[in-house]
Amino acid sequence: QQQVKQSPQSLIVQKGGISIINCAYENTAFDYFPWYQQFPGKGPALLIAIRPDVSEKKEGRFTISFNKSAKQFSLHIMDSQPGDSATYFCAASIPGGGNKLTFGTGTQLKVEL
Amino acid sequence: DSGVTQTPKHLITATGQRVTLRCSPRSGDLSVYWYQQSLDQGLQFLIQYYNGEERAKGNILERFSAQQFPDLHSELNLSSLELGDSALYFCASSVGNKGGGRETQYFGPGTRLLVL
Chain A
4 QQQVKQSPQS
14 LIVQKGGISI
24 INCAYENTAF
34 DYFPWYQQFP
44 GKGPALLIAI
54 RPDVSEKKEG
64 RFTISFNKSA
74 KQFSLHIMDS
84 QPGDSATYFC
94 AASIPGGGNK
104 LTFGTGTQLK
114 VEL
Chain B
65 DSGVTQTPKH
75 LITATGQRVT
85 LRCSPRSGDL
95 SVYWYQQSLD
105 QGLQFLIQYY
115 NGEERAKGNI
125 LERFSAQQFP
135 DLHSELNLSS
145 LELGDSALYF
155 CASSVGNKGG
165 GRETQYFGPG
175 TRLLVL
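So the protein sequences, as listed, match chains A and B.
Everything in the first sequence is counted per this note's numbering, starting at 4 for the first residue and increasing by one.
Everything in the second sequence is counted per this note's numbering, starting at 65 for the first residue and increasing by one.
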């Protein structure tokens, strides 16, 4: 059962543009929503994370927007750079019972010059 | 570099065989997680250990087992391997919140398993 749906599957953005990746979840018990960045041949690395009591979180060029009522959250990458070309995964976890992450299917981002 | 190490980096084996993947967590981290990444299933949580004890279980096959040792390193054992087990296997670690939730997980570089 796919509990976190991610779109688009792939994305091409021009350098300097805004990259937007969307995720939707079903389980209202989720209370932690991290985004991970993965480069080819590497493991995923935490980029930014948000809790549901906050509607937006910004770290540098990366912003998470969170809509609790719609059960959706999105990653915005401002001023996208070729070095941002990677696969991005949204994820979610439920408090208690461990810290397991349920991942979205991933978005392959390519930033072109 | 996340500080999480995994060996081997690549593994090629035949169907029906058994392999062991090894993970050393970041210094001081008590929790270890195993994930499987495949093209058709994406990143799937397999199992978590906290300070030597199983903490959470995902859709891990009965042919797969894991353990965390007193020195906190972990091993994932895959037996009776099938072609469909070919995937990237990631280990992650976190500080270890016994209550669970909201901890940053640091991923290792993965072990690429190919079953022929």
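Do not rely on the hints blindly, as some may be mistaken.
A partial selection of chain B residues facing chain A, derived with a Cβ cut-off under 10 Å [claimed, not checked]:
(1) Ser66
(2) Tyr114
(3) Arg119
(4) Gly122
(5) Phe128
(6) Phe133
(7) Leu152
(8) Phe154
(9) Ala156
(10) Thr168
(11) Tyr170
(12) Pro173
(13) Gly174
Here are the simulated lysine to aspartate or glutamate pairs, DMTMM-like style, with alpha carbons at most 25 Å apart [said to hold, decoys possible]:
(14) Lys121(B) to Glu59(A)
(15) Lys18(A) to Glu59(A)
(16) Lys45(A) to Glu29(A)
(17) Lys8(A) to Asp93(B)
(18) Lys113(A) to Asp93(B)
I should point out that these hints are in silico values taken from the structure, not numbers from a laboratory.
Note that beta-carbon positions come from the ideal geometry of N, C-alpha and C, so glycine has one too.
Status of each hint after checking the structure:
1. Taken as an interface hint, Ser66(B) checks out: its beta carbon lies about 7 Å from the nearest beta carbon of chain A, inside 10 Å.
2. This hint holds: Tyr114(B) has a C-beta 7 Å from the nearest C-beta of chain A, less than the 10 Å allowed.
3. This hint holds: Arg119(B) has a C-beta 4 Å from the nearest C-beta of chain A, less than the 10 Å allowed.
4. A least Cβ separation of about 6 Å between Gly122(B) and chain A falls short of the 10 Å threshold, and the interface hint therefore holds.
5. At a threshold of 10 Å, the smallest CB-CB gap from Phe128(B) to chain A is about 15 Å, leaving the interface hint violated.
6. With a cut of 10 Å, the hint placing Phe133(B) at the interface with chain A is violated, because the nearest CB-to-CB distance is about 19 Å.
7. Because the beta carbon of Leu152(B) sits about 9 Å from the nearest beta carbon in chain A, less than 10 Å, this interface hint is met.
8. Taken as an interface hint, Phe154(B) checks out: its beta carbon lies about 5 Å from the nearest beta carbon of chain A, inside 10 Å.
9. At its closest, the beta carbon of Ala156(B) sits 8 Å from a beta carbon of chain A; the interface hint therefore holds under the 10 Å criterion.
10. About 5 Å separates the beta-carbon of Thr168(B) from the nearest beta-carbon of chain A, less than 10 Å, and the hint is met.
11. For Tyr170(B), the shortest C-beta to C-beta distance to chain A is roughly 8 Å, which falls under 10 Å, so the interface hint holds.
12. Using the Cβ-Cβ criterion of 10 Å, the hint placing Pro173(B) at the interface with chain A is satisfied: the shortest such distance is roughly 5 Å.
13. Nearest Cβ of chain A to the Cβ of Gly174(B): about 5 Å, under the 10 Å cut. The hint holds.
14. A C-alpha spacing of about 31 Å is found between Lys121(B) and Glu59(A), which places the hinted pair above 25 Å, so the restraint is violated.
15. For the suggested pair Lys18(A) and Glu59(A), the alpha carbons sit about 24 Å apart, so the restraint of at most 25 Å is met.
16. Our distance criterion of 25 Å between C-alpha atoms is broken by Lys45(A) and Glu29(A), whose separation comes to about 29 Å.
17. Of the supplied pair hints, the one linking Lys8(A) and Asp93(B) is violated, its CA atoms being roughly 30 Å apart against a limit of 25 Å.
18. This hinted pair does not check out: Lys113(A) and Asp93(B) have alpha carbons roughly 34 Å apart, beyond 25 Å.
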